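Numbering (my numbering), first residue to last: 1 to 326.
It should be emphasised that the hints constitute simulated quantities derived from the structure, not laboratory data.
Owing to the predicted nature of the structure, the values given are computational and were not obtained by experimental measurement.
Incorrect hints may appear among the rest.
[Said to hold, decoys possible] Here are the computed distance ranges between Cβ atoms for each label pair:
(1) 212 x 77: 46 to 52 Å
(2) 234 x 320: 33 to 39 Å
(3) 239 x 36: 18 to 24 Å
(4) 191 x 275: 17 to 23 Å
(5) 145 x 191: 44 to 50 Å
(6) 30 x 283: 30 to 36 Å
Yeah, the Cβ is synthetic: ideal placement off N, Cα and C, and Gly gets one too.
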Amino acid sequence: MITQAIKFIAVSGAITALIPLVLILSQPLKPIAPSAPTLDFDKILQGRPQVDSQSAAVENVYMRDGYGLQVRSYSNGDGPLIVLVHGSGWNGLQFAGLAQQLDGTVLVPDLRGHGAQPGRRGDVDYIGQLEDDLADLITARGAPGQKVVLIGHSSGGGLVVRFAAGAQGDLLDGAVLLAPFLHHSAPTMRANSGGWARPLPRRLIALSMLNAVGITAWNHLPVIQFNMPTEVLQGPLGHLATPSYSYRLNQSYAPRADYLSDIRSLPEFLLLVGAQDEAFVAEAYRPVMEAETAKGAYQVLVGTGHLDLVDAPETLAAIRGYLDAF
1 MITQAIKFIA
11 VSGAITALIP
21 LVLILSQPLK
31 PIAPSAPTLD
41 FDKILQGRPQ
51 VDSQSAAVEN
61 VYMRDGYGLQ
71 VRSYSNGDGP
81 LIVLVHGSGW
91 NGLQFAGLAQ
101 QLDGTVLVPD
111 LRGHGAQPGR
121 RGDVDYIGQL
131 EDDLADLITA
141 RGAPGQKVVL
151 IGHSSGGGLV
161 VRFAAGAQGD
171 LLDGAVLLAP
181 FLHHSAPTMR
191 ANSGGWARPL
201 PRRLIALSML
211 NAVGITAWNH
221 LPVIQFNMPT
231 EVLQGPLGHL
241 ATPSYSYRLN
251 QSYAPRADYL
261 SDIRSLPEFL
271 LLVGAQDEAF
281 VAEAYRPVME
291 AETAKGAYQV
301 LVGTGHLDLV
311 DAPETLAAIR
321 GYLDAF
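Put together the whole structure using the sequences plus the hints.
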């Protein structure tokens, strides 16, 4: 009887261990049809090459592991240290216009896994490395006593929320969240972020199961794709796009599973979202976040979508007003 029980437990354990692998193998990456709906890129494509040509030169700021993080810096007079955190699939050039118009020391990194020198495109070394990189950048470039403000768009906003709740969140004095990603189950979500994000749910489930028991060997596998339009991919900056993320990068780029707890850790913050946002439900942010913290100010910008929010004149005016306190 004991021998049979041991055999049964061994067989059951082997079958259980195989389930995640079957889930992973059953969902390979597939090309996204060019005609599939996605975010509205038209407004930001108009005139973008001219804006990009005015961007500051890129320099390396070395992280704790020796990786050279690509950073554009702007010395715009007195003010806080401002770090602009780009959204998923793109890079710091997203802020080429905004960065030049904010008072203070403005840093615009291409997050690890992105841009012209990504390391491994769409991947990081471990969950939480993007937070470590932001902390290293702040420590390397912040002056003694200088206030620190993180400004993030979309997934970049989600990373700001995650950073605030992490072990290095005490480095942060303020935050501006531009249509931030909060969680796939949050009331702010539209289906697949308006067609932009194509998660691979079976892979995500499988890797979550494995990570729960300490198995991380497959965390490099892609778990989400982005529906970047053909005109972007075939344009002059298409080589800078990052079309998919590994499990560990995807986890690093968003608030934790208990995203409401992460929200409670935010300092005084400003949240801006376009009324016509295609990825998120604009009117859902305030009730979700006000239930967790009284530190936020909220503005919904009429006539503005998800991507053009960054360069909207109303966005610049609101951020300047928020920064006056620093």
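> Is it true that the C-beta distance of residue 239 to residue 36 lies inside 18 to 24 Å, as the hint says?
Replying inline: holds, 22 Å
>> A range of 17 to 23 Å was offered for this pair. Does it hold for the Cβ distance of residue 191 and residue 275?
In response: Holds, since residue 191 and residue 275 (Cβ atoms, about 19 Å apart) stay within the stated range.
> Between residue 30 and residue 283, is the Cβ distance one that fits in 30 to 36 Å?
Replying inline: holds, 34 Å
> Do residue 234 and residue 320 keep their Cβ atoms within the hinted range of 33 to 39 Å?
Replying inline: holds, 36 Å
> Does the Cβ pair residue 145, residue 191 satisfy 44 to 50 Å?
Replying inline: holds, 46 Å
>> Against the range 46 to 52 Å, how does the distance between the Cβ atoms of residue 212 and residue 77 compare: consistent or not?
In response: holds, 49 Å
Hint check: no violations occur; every hint is consistent with the structure.
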